[in-house]
Amino acid sequence: MKKFLQVMCGLALAAAPLAAVGPVYVPTAINEVDGAYQRVTEVWVTNPDSAIQGFVMRRIGTGADGTGRTPGDELGPFYLNPGESRRFTTLVPVGFRGMLELDGASVLRFTGVLTTRTLQGVKVNESELPVLSHHELYPTNDVAVLQGLERLGATKTTNLGFANLGHADTTCAMTLRQKDGLLIIQNVAFNVQALSMMQFDDAFGILGLPVVPEGARAEVTCGQQFFAWYSTYNDLTGEVKFVEPSSSIAKSVLVEPAPGPGPGPDPDPDPDPEPGDAVVFQRNGTFVTFPNNRWGIHNFRINMPFGGSREFRKVVLDFDFHVGRWDGQLPGGFHCIFWLNNGQSWGNMFGYVNSRGNKGKTVFQVNATGGGHQETNQSGGVEQNSNYHMRYEYDKTTRQVFYRITHAGGGTVATKSYSLQGGSPFSTNSFFIELGAQRAEGPESYTPQWSFSNLKTVFHP
36 MKKFLQVMCG LALAAAPLAA VGPVYVPTAI NEVDGAYQRV TEVWVTNPDS
86 AIQGFVMRRI GTGADGTGRT PGDELGPFYL NPGESRRFTT LVPVGFRGML
136 ELDGASVLRF TGVLTTRTLQ GVKVNESELP VLSHHELYPT NDVAVLQGLE
186 RLGATKTTNL GFANLGHADT TCAMTLRQKD GLLIIQNVAF NVQALSMMQF
236 DDAFGILGLP VVPEGARAEV TCGQQFFAWY STYNDLTGEV KFVEPSSSIA
286 KSVLVEPAPG PGPGPDPDPD PDPEPGDAVV FQRNGTFVTF PNNRWGIHNF
336 RINMPFGGSR EFRKVVLDFD FHVGRWDGQL PGGFHCIFWL NNGQSWGNMF
386 GYVNSRGNKG KTVFQVNATG GGHQETNQSG GVEQNSNYHM RYEYDKTTRQ
436 VFYRITHAGG GTVATKSYSL QGGSPFSTNS FFIELGAQRA EGPESYTPQW
486 SFSNLKTVFH P
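Under the numbering used here, the first residue of the sequence shown carries the number 36, and numbering increases by one thereafter.
Quick caveat, the hints were computed from the structure, so don't treat them as lab data. Be aware that a few hints might be false.
Here are the simulated PhoX-like pairs of lysine-lysine, each with C-alpha atoms no more than 25 angstroms apart in a straight line [said to hold, decoys possible]:
#1 Lys349 with Lys491
#2 Lys276 with Lys214
#3 Lys286 with Lys191
#4 Lys349 with Lys191
#5 Lys214 with Lys349
#6 Lys158 with Lys191
#7 Lys276 with Lys158
#8 Lys491 with Lys214
#9 Lys214 with Lys191
#10 Lys214 with Lys286
Work the whole structure out from these sequences, hints included.
Below you can see the structure in the form of structure tokens.
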């Protein structure tokens, strides 16, 4: 009986290449220990046929040229009985990272899973992985968009991965943006070897960004067919998310049902609506330009009253500003970009960003953190006779506050974030924001020929 099964298995596998149309690939194949968890790629295989069927496998390490072949370098064959489904848990050895090539009978069905277990073997998470054929690949020079990226210190990190299933090397380019569209990096080129994968672990950490609010995105394109993905690791819970590129209406050939009688939906909805219960304060155009004369000038203040006590969880601030010159008397002093305050108390200062002028530094301070004020004097600053945009968020839901200054081309000039203590809403009767032009009070400097425009402040309940 045993000899009969061996003969049948050999015949089934020998016939498989005639029925197969090509291999498929699991692009993320790992078996790694990371802190308190072990993450392993496993594969479910189903044989729906009425005969024994099998497959063989190759492992292609990260960055290796997968086109190099020698006879007999595949592993297997692995057989499945008629109608059987089996989970293969030992296809990836400890310490391996790369992708799996699976080839065999065309009737077989494959599903990849990335399983996270404790070091004691208890499963805590499972995330489905794609199994790639030519159908899943993006065309040459097409753009794959990966949405929902984030980083929360060393606790939650994002990995960006790319697969080149062509038989020649290719050059890819990547752009990263914050959730509001502000650039982090633009068109950074990198090479991917023939028939291989590569992954940037903790991509935002590589760029020196400790916190990136959820909703950032990557835009990827390559010089030949490719696939891209991202995964997030939560080192506290062991949770892993594996996310494929976004869908696009432009690629859909599906047909909607014909509308019935009556008015249809608005074909042009607001592309960026504010929350329905948000409070918005706005100043369009240039609302203040400071002269050369520094005497008798103080910060330009915009009051934001709420007509009574209100509670909010988030405030988002955007404005454009032009840096004219440094203060001739204090060129390295504190040139105020903005100062945001809840009421009049200095302890309720929600954000204070200054340029140190010719020192090339930016100072960021927040007093209302719930745990004492935080202040950073960091390298990277604005320059004279240049235009910039300020984005600022204070969010009690995510417990993060950050600012980002970008120049006219969209690149980041300076950015920083702090953690907030407590997730309760903040109460207020009124806010104010002050911009530029300080009287000389110690390290403060004047902002000659600076201007501010297009201010928008949004308070989210």
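Comparing the hints with the structure gives:
{"no.": "1", "hint": "Lys349 with Lys491", "in the structure": "holds (14 angstroms)"}
{"no.": "2", "hint": "Lys276 with Lys214", "in the structure": "holds (18 angstroms)"}
{"no.": "3", "hint": "Lys286 with Lys191", "in the structure": "violated (32 angstroms)"}
{"no.": "4", "hint": "Lys349 with Lys191", "in the structure": "holds (22 angstroms)"}
{"no.": "5", "hint": "Lys214 with Lys349", "in the structure": "holds (15 angstroms)"}
{"no.": "6", "hint": "Lys158 with Lys191", "in the structure": "holds (19 angstroms)"}
{"no.": "7", "hint": "Lys276 with Lys158", "in the structure": "holds (15 angstroms)"}
{"no.": "8", "hint": "Lys491 with Lys214", "in the structure": "holds (17 angstroms)"}
{"no.": "9", "hint": "Lys214 with Lys191", "in the structure": "holds (17 angstroms)"}
{"no.": "10", "hint": "Lys214 with Lys286", "in the structure": "holds (23 angstroms)"}
Hint 3 from the list above is the single one not met by this structure.
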